[in-house]
Structures are given as structure tokens and as C-alpha cells.
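Q: Read off the chains here:
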Amino acid sequence: MSSLNVVAATPLLITAGTATVAMTVGLLPGRMTRRHGPALIGIAGIVAAIVMSAVLWGGRQEAFGGGLRADRFSLLLNILFLSAALVTILLAWREPAAVDRRGEYVTLILVSTAGMMLVAGAGDLITIFLGIEILSVSLYVLCALEVWREKSLESGLKYLIAGAVGASFLLYGLALLYGATGTTSLSAIGEQLEGTSFTGEPLVVAAMALIAGGLAFKASAAPFHMWTPDVYEGAPTTVTAFMSTAVKAAAFAAFLRLFSGVMPDLQPDWSVAIAVLAVASIVIGNVAALVQSNMKRLLAYSSIAQAGYLLIGVAAGSIDGAEAVLYYLLAYGAMTLAAFAVVIIREREVEDGDDISALAGYGRARPVVGAVMTVAMLSLAGFPPLSGFIGKFLLFGSAVEADLTWLAVVGAVGSMVSLGYYLRVIAVTWSEGPDGGPRKVLAIPGPVGLATVTAGVSVIALSLLASPVLEACRGAAEALLAA
Amino acid sequence: MSIIVLLPLLGALSLLAVPAGPGGVVQARIHAILAAGGTLVLVAILVGLFDRDRGDLQYVDHQSWVAQAGLSWDVGVDGISLWLIVLTAVIFAIAIGAACARLPERPRGYLAMLLLAETGLLGLFAAGHLVLFYVFWEAMLIPFYFLIAMWGGEGRRRATHLFVIYTMVGSLLMLVSILATAFVARDITGQFTFTIRDLEGVTFTDTQSTWLFLGFALAFAIKLPLWPFHAWLPVAYRAAPILVTGLLAAVMSKAGVYGFLRIGVPVFPEGADRLAVPIGALAVIGIAYGSLLAWRAPTMRMLVAYSSLAHLGFIVLGIIALDVQASQGAVLQMVNHGVVVAAAFAIVAVINRAAPDDRIDGIGGLAAGAPRLTGIFLIVTMASLAIPGSNSFAGEFLILTGVFRQHVWLAVLACLGIAYAAVYMLRLYQSTMNGPVRGGRGADAELRARDLAVILPLVAVMLVIALWPRGIVDATTPSVERALAPAQIAADRPEDQIRFQPPANPPADALPLPGDETPDAAAEATP
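For the protein sequence lines, the chains are B and Z, in the order given.
Each residue of the first sequence is one higher than the one before, starting from 0 at the first, in numbering that gives the first Met the number 0.
Each residue of the second sequence is one higher than the one before, starting from 0 at the first, in numbering that gives the first Met the number 0.
For the record, the hints were derived by calculation from the structure and aren't laboratory data.
No residue lacks a Cβ here, since even glycine has one placed at the ideal position from N, Cα and C.
Check the hints yourself; a few may be wrong.
Just some of the chain Z residues that point at chain B, by a computed CB distance under 10 Å [as the list claims (entries may be wrong)]: (1) Ala66; (2) Val130; (3) Leu131; (4) Glu137; (5) Ala148; (6) Met149; (7) Thr159; (8) Met167; (9) Val168; (10) Ser170; (11) Leu171; (12) Ala179; (13) Trp408; (14) Val411; (15) Cys414.
Chain Z extracted, bound-state conformation (with noise of 0.2 Å):
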């Protein structure tokens, strides 16, 4: 696991050593395709190598930093971090393969910061101690912060200061709360640990719960981000290179969501029970709030941007929930929603080649004369939407039904987003699509084979889920049932809720074995 995490910091030290001027432009390439295609392989062994019956981490290394402090390098992989990690590995290869394709002024540095914020989120998914979680949730703030200020266009000052300033508060709130998590956890076991692990056995009190899980909650709900934390977001999207957009978008967004996943509710769930109401409550009116912009946004970018912000509403209402059908559709949307995303950027770079100025009401007609863009942006929109048989689907019908179970008002608040989702992305396909020709020849936006190769594996990644959701969800499931029980305990929830069991009448020939035990046999002996 360590090599994976550490691969793409290696190829970005590598970068440091080749020369510049036109010969090193070449080997910078190889350098960063090798990374990054090294690192998909390895992560493709590891989803060959992956035990799907087990919820504990796997693939554990532990090596000691500094003892005195309880810091250690521990990482792993489960279920859940396991899609998050592919997510990253095929979006950054694809991104990095694009990126080599075309490349911006100082290609080398480009490059480096491309392969240390892989390394960054790569390491933030498999961290299994609070303080590497956070090392690695500080270190991803670097390279964006670079790709932003230094290849980023106009208004890109403000945009990194806010990004920065923003994200800097949650992250060092969290930081706090990662100390005094420590130090309560040894004031009630006696044993100081940051290990996520063992301070999920840890039972703190409901009102130390609840302040940690905000001071979690806030770091999160940021990087998310989470309406009302979002005011960064249209402008750092706005200023970011698309390549960059597309990335903050597709899986930074999700450090946020997988911290909720992975520390918050797990770690705290008095608290995750406690406050779940009011996060779902922000997360609905972040779907109401990114839809009626999206709708509203001016540019095809910002219309994504804002669509994402959306999306990311569903995944956290997914995860509050606190229900395990939830929780997976979350994770499965997770990667559903970085790959559609990560799609329609590359759709919206291709426009932009015809229509410099991505204004939406600039462009119409491009169907005529690009009919391969067309035939995929229509997949990717009704991706986008979620509508039956698109890989989205599964995602969001499993998070609603969670979500009905637990907060009906909620799930029916939050169905209207799936009706807000058809106005704007209907909108945005028809006036650009369709209709008469504006702005540009649809010629030049159609797809090259260059940019194929780009779209092509995330539509391909995109069909493979719609047909087969449970590749992912089954894998899923023991991770996210260890991670939500503490939680429905202290929700109180009836046994019945909280597994997602078969059927509950088995067939007549399907006789017990001696010593097995039913999980309806272990309902009945708790009282």
C-alpha cells in the first residue's frame, strides 16, 4: 500500500532531475506517464488482490515516526477506501495522460504538482491514523495551491487566497480535535492513540461526541464543500485550469465526504447521530442552492461546478443517514459522480477549443457538425441526471431509499433535485446542442482522437458500473456495516434497520447448520 501512495511523489522528485528545455519536456512526460501509469497498475493488482468478505483494512503497513507523539505511518486499504483509491489512480491517469498531451508553460512543475497532489489524495484514502489523515489532507492543499496561483487565469490571486484561507480553517479546527480526540480517549481507556482503529472502540460521552464530530464536521464540510462553507468554490473553479477544475471536482470534493465516512461517523457516533439532522438539512439546501445555480450559471463550467455541488449534497445526505443501504450508494456515487464529472469537464474543454468564451447562451447548434461529441454528451448527461440505467442511478436510488427510512422529510426535500438536475442539464445539452448554430463550428468541437482518448475509458468506466453496480457495492459492504454500527447502536435503531439482510424466510430446504447463528437469532438474544 505504501508503494502505491508513495509512487507518484517519486515520480514528482524524479521531475526535479530532468533537465529543462525541449529534451527534458520529453523526458518529463515519460517520467509522469510512468508514475502514473505504475501507480493504475498497481492499484488495478489491488483490486484483483482484495479480500471483498472482510470490513477491517488490509494491506496494512506500520512503521513508527515519532513514538514519543504517537505519530506513525499507517496506512491500509477496505472497502471503502479501496473505490476512492481507483477513482483517484484511473482520474490522475487520465489527467496526467492529458495533461502530457497538451502541456502549459514550466511543463515540469505542472507535472510534479499533478503527481504530488495524487500522492496526496492516495495517501489520504488509505490513512488509517488521525494525524497521517491529516498529513496528507494538509499535503493535497500544496500542489492545488500551486496549480491554481501559477497556471490558473484571471482572477486567480483571489481565488487561491480564498481556497486557502477557507480550506485552512476547517483543516486546523480538525487539527485540534484530532488532539483533544487523543487526549479525552486517553483520559478514558488510558492508552494515547491516534489510530482510527482504536479510537472507534473508544465510547466517549454524547457531549464530547458532539463537539468533536464538529470540529470534524467543519473541516469536512468545507472541503466538501458543504453549503453555506462553499463561497471558495465558484471562484477557485473559475480561475483553476480546466485539467485542475476537473480534479477538485472528481476527487478532491471526496476527501471531505470520506472523512465523514471514515473518522466522523465511525469515531464519534453519538455525535454523527446527534447533529446528522442539521448536516442533512445543509446538505439538502446545498442540492436546492447548487441546482437553482447551475441552472442560473452563465458558462458551461461554472454550470458543472455548480451541478457538483449538488451532487455532493446527495453523497453527504447518503452518509448522514447513518443507514448502511445509504452509505453504500454513497460510496458507489462517489465514484460515480467523479467519473461523470471528470466527463463533462473534458466535454466542456473540448467546446471551449470551438467557443473560446464558454458562455452557454454564446453557443447552440454543435450537434450538426460534432456528432461523436454529441452521442457521448448525451451518455454523460443522462449520467448526470441519474436516470434509470445510467450508472448513476444505482447510486442515487440507494442513497433515497436509506434516506426514506430514516428522514422521510428529508429524501422528499431531497427528490427534488433529481427534478432540478433534468432543467439545467436538459438545458445545457439542448441550447448547445441543439438548435441553430451559434458561436463557433461545431466542427471544431468535435471529438479528435486525442480527446477520445481522454473521455472514452471514463464513458467506458461509466457503462461498466451502470451494468454492474454490486462489483462495487458488494466489496462495500462489510466496511461501511462496521463503520455505521456504533452509530445505529447510539441511534437506538431496531435490529432489523440496521443490517441489509436477505430475505427473511429462507427456503424450506435451506437448513440451518449446527453452531450457526442467524442474525435474527442474535436480535432475539438482545433484549
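Looking at chain B on its own, in the form it has when it is part of the complex (with noise of 0.2 Å):
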């Protein structure tokens, strides 16, 4: 195998150039083309890039001496990543924060999901906290950049401060690692670790101990979700989305990773901890956001609680637990984007946009968003058929097969909980507004619009084509168990 494999390395290479030329154009004169060059320029590598992905499907490269992979797993993962930076860029359309900083809003959406992809490839040890680094300096930044705006700013200081926290556990703990097997590529520490448990190898625990709660700080479960609300609520909500979706995912793709990748041998040993974390972010999470009237903190509070369901998934150790995280994990994207998108159109039009109440009798006003949050919602929910109940399906299904049925009847109690917000929002959506309609209603610009629409739109199509969608997810987790 060749050391340096760049057609391995070809969607990530594509993503990171995209981010430089991004920049570029940003600079030049014009002020056309500063404002739409760098958002066009993005979107035209971002499809490059999840054409590349497609390309390479099926086949297993290694790229750069096995740092990183390119096998299904990866490969399903960054056109997870891509497809959200891609409805990020869109919804950013006319976001303040982004329209005079085009250059720079995309590159960091771009840089940032180049860290993700790296992180879902990683080979090695080194490449998993490169990219988890990569994605987080540039989210720090994207945080803070409605420098006019002081929740904003704080924002960014609040997430550079959990977020420095966060990566000093997990690289603590990937140094541990590596002082337990003397190597850090992964599948050298696999075949070491191969037929041990945990009992006699005190090191592999603090490490696997220290490496959850540093991806647990990314994944924003609990106990160590502190920051997530404030950060959520203080960043530009288009960055918010994107933090809720793309980082989670790749969180969640480094856990697999690390967890069922490396050491599935050890599973009856970190299961139980990670059931732990799972119980503690769905009973935190959901009980939580049922006082919340802001949309953002609310959906913060949910991301905890979803954050919990993942992990069931991944307790259960299982090909079946990776695949229904790696399903939940595309249903849960496209159900957040559309929530989020259409409390990025709101924000536009009012001033307290993000509040639940600025909502009140939007349903009536415009049908089609409204129909987009009630669809969103409901899939967050768990409600059948949509993609959110499918995937709950599933991850519930793995964690009894794996004899986890108690995690299972939390999760589903945890679900219940969460329909008391859930379905309040949209009692709210569609009751009467304030003086028989909704206040102050702008025009929707296309490319906002557009992704708006196809946000809700995926997520009743991952309901439909759910079959097609799930081998695919097959195919990644067996490629990572495979690893």
C-alpha cells in the first residue's frame, strides 16, 4: 500500500482547497463578488467533494501512511458533513454575520468540516485529535463572529474555554492510550488490545474514561453539557446549526471509532459507562428543555437529549447499534437543519425570532414552513413513520438485542418526556397569533428557502427510503468493525 494515497484523500483535499480559494475570493475587489463568490465557490467544492465520496464508494484506500481511511464509514460520514456545511452555507444566505464576511464564514464552515472528515477517517491517534482540533478552532471563531453582538463574543469565549476542556480530557486520554499499547495507529491498538478486558489494565481504563469525556464535551452529553445551551443561544444561528448537527456527528463518528472500531472486544467493559453518559444526557436533556422558551436553548437541551439516543447505540456495540447510529445520525441532521431554518427565517423578520412565542400563528401565515417545523418536530419526537421514529427503532432495537432492554425503556421514556416541547411547539406554530396573525412576515430569499425545504423534505424521504438508506449505514458500520 502506497504511503501517500491522495485519491484516498481526494474529498477531504478537495473540501480544504475549496476553504483556500474560498478566502481568496473573498479578498478580491467587487463587492458582488466578495458578497457571492466565496458562498458559490464553496458550494461548488462541497459537491465536488461529496461526488468524490460517492466515487470512492465501496472500495477500502488508506491514505498517508493509514492516518487516514477512506472505507464506507468515512465516506458515508463526510457527505453527512458536507451535506450539512452545504444547507449551512445556503441558509447563510443573507445572515448578517456571513454577508460581510462571506470569505470567512466559508472558509471556517469549509475548514471545520475538513476537521470533521478527518476525525470520521482517522487512522490514528494523532489524526482523530488533529481533526477534532481542526474542526473546533474553527467553530471558536464562527462562534464570536457577529463581533458586534456581545452574547456572540461570549459565545465563542464560553465554547473556546469548554471546548480547550474538552480536548485536554481527550488528548490526556489518547496519551494514555498510546502508554498502554506503545503505538498510535488504531488498528495496532486493536490487534494489542484484541481478547483483553479492562481488569488488569488500569491504563486502557483511565484512558477509555478520559477519551469518553473529551468526545462526550463535543457530542454536548451530559454531564458535560454545561456549555451547550449558552453557546447555542449566543452563536449565529446558522453556525448553531451547523455546531448541532456536524460536530455531533463527528463526535459520534470518533466514538465509534475508538469504542467499536478499536476495541469491540472490550464492550461489555465501556458499554455500561456509556449507558451511564446515555441515561444522564436523555433525563438531563429532555427534562430540561421542557421550560425553555427559546427555540434555540430548546433545541439545545433536545441536542442533549439526542446526543443520549446516539449512545444507546453506541453502549450496544454492536454492527447493528453503528448502523442505527449512523442512520439516526443522517435523520437527526436533517430534522435539526429544518428546525433550525426556520428559525433562521424568523430571526430575520423580528427581533425576539428565536422565541417560541415569535412563532404564534406562523403556521397560518406561511403553510409550508410551518408544515417544515411540524414535520421536523415530530421526527425529533419519535412520532411514526418519520425518519426520527425509524431511527429510534433502531437504536432501541440494538440496545435490546445487545440485552440493554432497561437503556432502551429509559430512551423510550425519555421520548415520551420529550413530546411534552416537542409538540408544544407546534400547538404553538399552528394556534392563532397575536391579534389573529402572525407580526412582521419578509420575504424568503431562494437559496434559504430552498434549503429550508429540503431539510424538511429529507427528512420524510429517509423515512420512505429508509431501506436503500440503511444499507448504506450497514455497509459503513461493517467497514468499521471491519477495521
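Since each chain comes alone in its own frame, lean on the hints to assemble the complex.
A: Written out as C-alpha cells, the structure reads:
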């Protein structure tokens, strides 16, 4: 195997290259070029990277001496990250933070995406850490991009501090894992740990605990979730949408790579710890979301709870579990982006547009947007037959199969509680607005409308086309465990 | 079968395309009536084509959905579900007709929600697949949630919260039980399936069967609702628009009972047998409790709501007796109760017109000004009391005979329910129709053509069933026998108690044909 296999890294290279070009274009003279050039180039680059990922599908290659893998697992996640980035750029078409700094905005989103792709394709501990850092650093800046807004700056700072703590947990854990095994290559670590158990391996135990903690920060799983509501609320909403979908997916990619991929034999030991994280996230996320009146905070707590459901699949530690996590990540990405898209549209129209009450009467004024919000909320709540239901069904199923029925019960009860707040949003959306109608309504920019409807339709499409999508997820899960 | 299930859904979707405004209201009416009426016609055709001698599912439609997870679209109809589908189609056609006659605010949404609820119920009764059953079980919740939350009266917030939280707790436990059932069955047979017919053939251990049955039973008990899981009922019934309350009592409450008969008993016969007495005891308590609350209920609407708690207790008892005759009675009684309670709520709605504050002690002497109402109310009261000759009589009689055979004491206690019913129904009838005139003029409560259009079809169905209950009972026999057979083997009952048999001594001239094996011969053959 050649040590530098560039073909395997093409999606990553295209993304990183596009980021550079977009930044340069953003500096060119000419207002129109500066405004639309970077976004158009970004979109073209993303489409090219998605196409390349699809072209590489099926094969299994390694690049950079095994540091980066292009297997079905990483390619599927690449497509997810890139799609989220694409929708984010479209949603930010008129976003104040993005319009004047389009070059920076598109570049940072793309760099962050490249970081995620590194995490998903990591074949080495160093790559994982590099990826996590690359994706985080860009996001610290993105959070604080609305420099004229104090909350945005505060959000960037909070994320930076929380992220730094998380990163140090992770780095410490990775270092201990290296100490225990003497190698940074994931496949070599996997071989070393084959047939062992945690008993008698204190270093591995400590490493796993620290790694789980560090990744839980990124996935905003309880009890490492404290930063989430504040950062989500303060960051520009398009960035929040990107963070809550793509970053979470990247964190779960790392979870799956490190736990299911590298140490499947130790599953009985680590699955308990992951299950505890899952329970804490489900309980804290759902209970706290019940009392939120701000849509972004509500979605932040909902994302904590959703991280809990995803952890159920990780805890199962099986191919079925990994398949369920991947499918749910796709579904979760679509439904969360759809929900955020509606918030973004509303935010432009009224000052307190991220408040739930701002949606009152919105369903009647804008039936399509109202329908997108309804579909997103019902799917997040796990209502059949939407994709959120199929995802939860598979996650709970994998838990039952792994003899973790109690965990499935906790997840099921958590979903029940979540109905309390998801249904409230729908009820407000379709209720009569103040004075019989919603307040101010503006025309929706084409790209934003397109992204919103696409996200809404994807929620339904992922359910109707669940069979082929799951086939792809299955392939990805098998690639992960075969590593 | 799929067309029947999906036609109301199509109607609901087509309502979205109707423009808002006065012109749209007329269109919305046409769309809703076409969808509900079309469904009713198709169901009538289904009844005509249904093969009454078969116990298995007919008109099956099977489409794979998510093959990897074993999910598929699997609908069909057997003798048990047939009558519930008929009940749903009839009651919804009447309800949507009534809703079109007197539209509330936001009529498009209202009619769309009613049609969605109809699809949910039809799908539930037709589902031959556990997950599909769950999908419709949940799908039904959304329209009812919005019907109560957006068109309900005072206290609707609390009502919707209680309604959703209660029913969701049960149904999510059911979801986990569904998964557990499939995995446990896979470990036993090596085949991963959610199809109910396949799972009926799996032999679970007693412990597995008991736990899985319990998971399902909780969901069914909450939806019913069975005492003590009924806390959501009074609040929801009070806050919902009266039409929706009628639908909740007439049709949705049957979903839980149907679950016992479709899934609980046939798939987990051992569990059903083990838990029969505790659940039967809850049903009996429910009968007494519902009756007492009905007796003390301040308003007519609550009285009817509580009385249905008692009637549902009877139906559950009929199923849990694991006796063919009692179960036949239960199926018949499900239809009876649906029709009677819908008629009762229609009458309550009419009386409300004369006396908006529907406190029982505030209304009286309506008979003088409203003779038509009085006459029909009497018929409904008699049916609710299950006096001989009424449609409910045959159902309750079959249930009680069956329960007597299996659990004498439960039957004795349940019989008291009939006495209770006499107390509260006669109290209602006497105080509202007879006696001195109080609150509102009787003439306001007299049935008008529009009211008759709602109530007369229901009364007609009641009369038809009263005269010819066999029409329903016979068609259910093969399906009920099939559903109960494993449970009766589990309960180790002697063969002569299992089958609802023809006379033991056939007439002398009826010679057996060669190769003809009588049930008696089969009984002798088994050690």
C-alpha cells in the first residue's frame, strides 16, 4: 500500500482546497464578487467533494501511511458533514455575520468540515486529535463572528474554554492509550487489545474514561453539556445549526471509531460507562428542555437528549448499533437543520424571532414553513413513520439485542417526556397569532427557502427510502468493525 | 384494504389544497364528505365480500418498507377487525357529516384532523404487523391531541398534557415490548419478524410470555382506560369538543381492547392466562368504580364518559376470560358500545343546546316539549342498560356466560354492574326527561332534521344488531377461535370448554361422512 495515496484523500483535499480559494475570492475587489463568490465556490467545492465521496464508495483505501482511511464509514459521514455544510451556507445567505465576511464564513465552515472528515476517516490517534482541533478552532471563531453582539463574543469564549477542557481530556486519554499500547495506529491498538479485558489494564481504563469524557464534551452529552445552551443561544443561528448537527456527528464518528472499531472485545466493560452517559443525557436534556421558552435553547437541550439516544447505539457496541447510530445521525441532521432553518427565517423578521412565541400564527401565514417545523418536531419526538422514529426504533432495537433492555426503556420514557416540548412548538406554530395573525413577515431569500424545504423533505425521504439508506449505513458499520 | 386505510388520509391531504376563505369552506366540506363517505362505501363492499368461514386475515396487502429492520406495510382483515373497521367507518362518517353541518373555527384543520384520526384507527384495526400497529397507535394520538388542544374547551391544556403523557408512557413501553418480542422470538425460532401471525406460532417460556404480555397490557390498559389508569379520561373527556369526546369513547377506546384480542392473548397465551385474574379483577373494579362515578357525575357528559369506563370493564372481562363465547360477546359489545355511546353523546349535544350548562340537576322535564328526543333517549337508555331485546343484551349475555364458566366470582361481581347501570341511567333519564320543567325549554332540545340525520342511523344500527346479533357473532367465530386456541391450551382447559360446540348428540339421520372427523373424535385422540 502506498504511503501517500492521494486518491483516498480527495474529498478532504477538495474541501480544504475550496476553503483556501473561497478565502482568496473573499478578498477580491468588487462587492458582488466578495459577497457571492465565496459561497458559490464553496457550494461547488462541496458538491465536488460529495461526488468524489460517492465515487470512492465501496472501496477501502488508506492515505498518508494509514493515518487516513477512505472506507464506507468515513465516506458516508463525509457526505453527511458536507451536506450539513452546504445547507448551512445556503441558510446563511442573508445572515448579517456571513454577508460582510462571506469569505471568512465559508472558509471557516469548510475548514471545520475538513476537520470532521479527518475525524471520521482517522486511522491514527493523532489524526483524531488533529481533526477535533481543526473543527473546533474554526468553530470558536464562527461562534464569535457577530463581533458587534456581546452574546456572540461570549458564546465564542465559552465554547473556547469548554472546548479546551474537552480537548485536554481527550488528549490525556489518547496519550494514556498510547502509553498502554505503545502505538498510535488504531489498527495496531486494536490488535494489542484483542482478547483483553479492562481488568488488569488500569491505563486503558483511565484512557477510555478520559476519551469518553472528551468526546462527550463535543457531542454535548451530559454531564459534559453545561456549555451547550449558552453557546447555542449566543452563536449566530446558522453556526448553531451546523454545530448541533455536523459537530455532533463528528463526535459520534470518533466514539464509534475508538470504541466499537478499536476495542470491540472490551464492549462489556465500556458499554456500561457509555450507557450511564446516555441515561444522564436523556434525563437532563429532556427535563431541562421542558421549561425553555427560547427556541435555540430548547433545541440545545433537545440535542443533549438526542446525544443520549445516539449513545444508546454506541453502548450496544454491535454492527446493528453502529448502523442505527449512522442512520440516526442522518435523520437527526435533517430534522435539526429543518428546525433551525425555520428559526433562522423567523429571526430575520422579528427581533425576538428565536423565541417560541414568535412562531405563533406562523403556520397559517406560511403553511410550508409551518409544515417543515411540524415535520421536524414530530420526527425529533420520534413519531412514526418519520425518520426520527425509524432511527429510534433501530437504536432501541440494538439496545434490546445487546441485552440492554433497561436502556431502551429509559430511552423510550425520555422520548415520551420530549413530546411535552416538541408538541408545544407545533401547537404554537399552528395556533392563532397575536391579533389573529403573525407579526411581520418578510420574503424568504431563494437559497434559504430551498435549504429549508430540502431539509424538511429529507426528513420524510429518509423514512420512505429507509431501506437503501440503511443498506449504506450497514455497509459503513461493517467497514468500521472490519477495521 | 390499503385503499380503505389510506382514503381518509388522502382526504386530509387534499384539504390542505383547499383555499382559505368562504369558498374554501364549501370545498372543504365536499372533500371531507367524499373521503369519509367513500371509505364507508368501500367498507360496505368489504363486508359483502368478506368470507365469514375463514379465521385468518383476508384482503392482505404486504409491501416491504425497511427490510433490514423487518418493517413492512402489512394490512388485512379478519372476523375480529372487520366489525371494528365497520364501526370506525360508520361513526366517522356520521361524525364528519355532523362536523360539516356545524363547522367550528378553522374548519379545514378540524376536518383534516378528523380524517387523520380515522386513518389512524382504520390502520390500527387492519395492521397485521406489530410495528405497523404501533405506528397507527401513535399516529392516532396526533390528531386527537390537536382536536383537544385547539378546539377544546376549558382545561384543554392540562387535558392534552395528561392525555399525551399517559398514553405515551404506555405506548413506549409497548414499543420496547415489541422489540423484545421480536428478539426473543428470533432466539427461539431463528427468524426475525414482527408479523403477528408468525409470532403467534412462537412458543415463549412462561416467564417471557408473562413479561412481554405485561408490557403490552399496560399500553392497552392505559388507552382503554382500565382502572386505575384512567386519570386522563375525565379531564380529556371534559375538555374535548363533544364530537371528539364521542369519538374517543365510541371508537378510540376500542383500540386498547382490540390490542388484547389481536396481540396480547394470541401471541402471549401463557402470559394472558397467568394475568387473567388480576386483569379481570381490575376490570371488575373498573365496572364498579365507573358506575359509582357515573351515578355521582354532575354533568351528562361526565355521566356518559364514566359509564363507558364501566362498559369497557365488561368488554375486557370478556376477553380476559379466554373463552370463545365471552370473546365473541366482547367483539359484539365493542360494536354495541361504540354505537350506543355515540348516540348518547349526540343526545347530550342536543340537550346542551337547550341548557348550555349541562348539569343534570339543572335540567328537567324535557319530555313535555321534546317527544322525539324522549323516545330516542329511551331507546338509548335501554340499550345502555342492556335490557333483553336491546342490542347490548346479546353482548353482555355472551360475556357473562363465558366468564361464569371460567371465573365464577368475577362474573358474580360483574353482574352487579348491570344493577349499577340501571341506577345511573334511570336517574339520568328520569331527572332530565320527566319531572318538573327546569333550565331551558324542551322545545329547544327537540330533535331537528339535522340531529335526526346523526342519531337515526345509530339507532337503526342498534335495532339491526338487537334483532340479528348472529350477523356479527357468526362472522367472528373462526377468528376468535383461532385467536384463543393457544391460550386455552395454555390454560389446560378441557376440550369441551374450548369450542362453542354444536349439540353433542347429532340427530340420528345425520350420518358422518367417511373421513369426517368430529370434534369429539379429535378430543378422544388427544391424550
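Q: Each hint needs a verdict: does it hold in this structure or not?
A: Right, here's what the structure says about each hint:
1. Ala66: Ala66 (chain Z) check passes; min Cβ-Cβ to chain B is 5 Å, inside 10 Å.
2. Val130: Interface hint status for Val130 (chain Z): holds (7 Å vs cutoff 10 Å).
3. Leu131: 9 Å, holds
4. Glu137: 5 Å, holds
5. Ala148: 5 Å, holds
6. Met149: 7 Å, holds
7. Thr159: 8 Å, holds
8. Met167: 4 Å, holds
9. Val168: 6 Å, holds
10. Ser170: Holds. Min distance 8 Å.
11. Leu171: This interface hint holds because 4 Å falls under the 10 Å limit.
12. Ala179: With Cβ-Cβ at 5 Å, under 10 Å, it holds.
13. Trp408: Given a least distance of 35 Å, the restraint on Trp408 (chain Z) is violated.
14. Val411: Hint on Val411 (chain Z): violated, closest Cβ of chain B at ~38 Å, above 10 Å.
15. Cys414: 38 Å, violated
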